[in-house]
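Protein sequence lines correspond, in order, to chains A and B. Just so we're aligned, residue 7 is where the first sequence starts under the working numbering, counting upward by one. Just so we're aligned, residue 42 is where the second sequence starts under the working numbering, counting upward by one.
These are calculated hints, taken from the structure and not from any lab test. Treat the hints with care, since some could be wrong.
Mimicking PhoX-like on lysine-lysine, the simulated pairs with C-alpha atoms at most 25 Å apart in a straight line are [stated by the list, open to error]:
1. B:LYS198 with B:LYS170
2. B:LYS211 with A:LYS200
3. B:LYS230 with A:LYS200
4. A:LYS44 with B:LYS71
5. A:LYS366 with A:LYS252
6. B:LYS165 with B:LYS198
7. A:LYS260 with A:LYS366
8. A:LYS277 with A:LYS223
9. A:LYS89 with A:LYS59
Computed Cβ-Cβ distance ranges for the label pairs, DEER-style [what the hints assert, rightly or not]:
10. A:SER129 with B:LYS198: 41 to 49 Å
11. A:ASN388 with B:SER287: 38 to 46 Å
12. B:ASP280 with A:ASN388: 54 to 62 Å
13. A:GLY400 with B:PHE43: 37 to 45 Å
14. B:GLU129 with A:ASN388: 56 to 64 Å
15. B:GLY122 with A:ARG41: 33 to 41 Å
16. A:GLY347 with B:LEU485: 42 to 50 Å
17. B:ASP280 with A:ARG41: 47 to 55 Å
18. A:TYR122 with B:LYS198: 54 to 62 Å
19. A:SER346 with B:SER44: 52 to 60 Å
20. B:GLU129 with A:TYR56: 38 to 46 Å
According to the in silico footprint, chain B covers these stretches of chain A (three or more CB under 8 Å from chain B) [unchecked claim]:
21. 150-160
22. 170-178
23. 189-201
The beta-carbon is built from N, C-alpha and C at its ideal position, and this holds for glycine as well.
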Amino acid sequence: MEELTIGFVPPRYGDEVVGGAEAVMAEAAHGLAKRGHKVEVITTCAIDHYTWKNEYAPGLDNSGLVPVRRFAIDHNSNGVARKRIGDSILANAHVPVEAQQLWANDSLRSSEMWHYLSENMDSYRCLIFAPYQFWTTYACGQIDSSKTIIMPCMHEEPEARFDIYQPVLNGAEGIWFLTDPEADLTNEIYNLTKSQQIVGAAVDVPASYDPTAFCEKYGITSPFIYYAGRREWGKGWQDLLAGFAKALDRTDIKLVTSGVGELGLTEELEKRVIDVGFISDNDRNNAMAAALAYVQPSDRESFSRTVLEAWLAGTPVIANARSAVVAWHIDRSEAGYAYSGVEDLGEAIVGFANNPSAAKDLASTGRDYVLTNYQWDSILDNMEHTLANWFPVGEGE
Amino acid sequence: MFSELVISPYAPYRDGIASYTVQEVRVRRKRGENIEVLSPQPSAAHHHLELGGFSGALSLLRRASQHSRFTVHVYPEIMYGRCRNRIERQAVWSMWIRIAKAVPVELRIHEVVYSLFENSAREKRLFAKFLEACDSVYVHSDVEAAQLVEAVGVDRKNVELFDHGQYFEKSSTVSVAQARQSLGLDPNKFIFLSIGFIQYQKGFDRGVDAMAKISATAAQLHIVGSARVEADVITDFLDELESKVSGSENCHLHVGYVSDADFDTWIQAADCVVLPYREIWSSSVLERAKLFERPTIVSSVGGLADQGSAETRVISSELELEAEMRKVYDSWANENKMESSSGVMMEPNEVNSGADLVSKLKQTAGASAPKPSTVRSNSRSKLENFPKLQRPSSISTSRLRSRMKSSVLKLIDWQVAPVASHVDGFQKATTSTVRDLEQRIAALEAMIEDSNQGSGQ
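Here chain A stands alone, though its shape is the one from the complex (with noise of 0.2 Å):
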């Protein structure tokens, strides 16, 4: 019997999509096609997720190993609401469940999108949905909850108690984890009666590193710290900015930076900040092994990709304590320092700056680490296994 299709429902999916929930649905659905299974991915037209602006052409697109459904985004709501009570988000104050609901609604949402997936089920094996506190999950994970599993890349914030998200991750048939403290903290707030598995997650380790062909083509002369992802708020760019101020008295190192979203800078952060923009996987893996040390300042993690590279290129990381997983991560590998507000974050600039020798053996642990954990192999392994057991092939078909 032919087995049906599994589809992957990111927001977003695509070569220029900067977003690390998107990046594990993007290589679990390839690994999968690998694999010999059908997989197909169902998604959006939008590619930066600040404007949600339709970009890529909707329909579906077979070119490649794993082909791509796109539907196009309403832009019929003009985000007055979702900027009112996301301030009261922000604030940590009460939201109603009304309020969460036209909060949810507010932002990217595709109607075509819904229609379609409530329309023809009957071809999905299943769906697998990530992240949690997107639309594209929050509505369209609730068509067949028996049929659903999300990936809820959850951490610790004021929307993972929203009441809008029980049914659906209550109701999935399976829930994916990639982290112990997510499990954690997801069963904390949850009701999951239904089945469970951290499967995991995983990073391509590079053939090669070339720091030095790096810091040619960018025109960096002098150590730098390193930071890679979304400069925003939710990010804990900001944190991190005033951090490194706090160093620049001291040393002389630069922070060297790429990625989407606005710096920000001061007249003084300016001299010592380098932005090099949105760059290719292989620049940004030759970054991470320039690097004195890689800095991870956000606090809301559900698995960190970016330190798990950082390891993998030799880099010793720097991290906010406050992510769970993040110093679940450096617990367990040893290869980093979890620092507890911007004093300690500026500290440990200028100790891994004057140390360079100490950062670099501080380091040593974490290749074996992500090589023992993290390699897509098992975690595909993990994913079958589950596929197999919630959704076994030939049923319902």
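For chain A, the structure is supplied; the task is to place chain B on it using the hints.
The following block gives chain B in isolation, referenced to the frame of chain A:
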């Protein structure tokens, strides 16, 4: 090609009408029908529009030329919920008449508060005119049709019936055993289920009261649902229900939002669905129970009696609810050789002598007597039903007067709010104290009774 526009709440908004519409739209779009959805609430609909007032109705009129047909799911919020007074409602009805003249309109009436028309012949006339202008008007039962005809004076032949469950599909295909296992329910118990939004009108508290009286030892009542909106009146009712359930061994309250599949899994797991509503027009839960061929006990309100199936028992009072719950349980208990609700199952020819018969009957009487701890005292009932201290309403027939009242209320709110809060808190504390005392008295009574039985008295 112009599309039909369905105007309704829509998923993932948690609402019975939304769920109803989703199923119909799915089936009809799969058949190739060109349908778009407009929802007043946040949802997966194609369009959103704030309805319930004049500006919303005017915006709909502007869209009329873009569609071949409007199908409107009628309930108060979508038609007139935002109107501040009767004058505005009349303007809204006039606008709907214009809409119905601009595009064929099909009405599916789920809920209309007919008392609106009792004191306003003009508003009643406008509503009737709107119904006449519509292409078709549907209700779900004969009772609702009769109510509409009586309240508005429309011709009965212009009101058609629409099967509530016509497009309903099962969201869960698990077996009863799988359903019970997944929900952690005992496979050997008789499961009564009350499911849906928890609010006073749904009457789920009546089921708990009935359970206390029927002493069905192998039965459980599970109440599953959530508050649709965060309002004091709903939160207070939920608190009371929680308190009531906590005093009962065989009643269980599961508060929270459940997925469509879990909703159906609960129904599949149940032996009998109990819907002791105080107020309703028609019920999607009843329709889902019918889909799963589950016996139901429903109140004789709205169109429920009509909507039910051969497996539906209709009740008109708490006593009848208790009696029907007892009957369905006893029937199951007899089939499964369990204790009946009277506590002792009398097998044919089980006793041989008159003395044995009397002894057995005494046991029966003892078992069926209500337990002291589950009987709510009159004093607590009075306390619990004592109305909450309400702020006076700022709504008045004149907009100016409403604004003035609202301003005054805002000015004095800093003084009034703490007092109201204190009085309500005092009421809750008193109720709680009386409840504790009742439980202590019940425990003492039980101890005395045990002691008397032990000493052979």
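| task | Tell me, in ascending order, the numbers of any earlier hints that this structure violates. | result | 12, 15, 16 and 18
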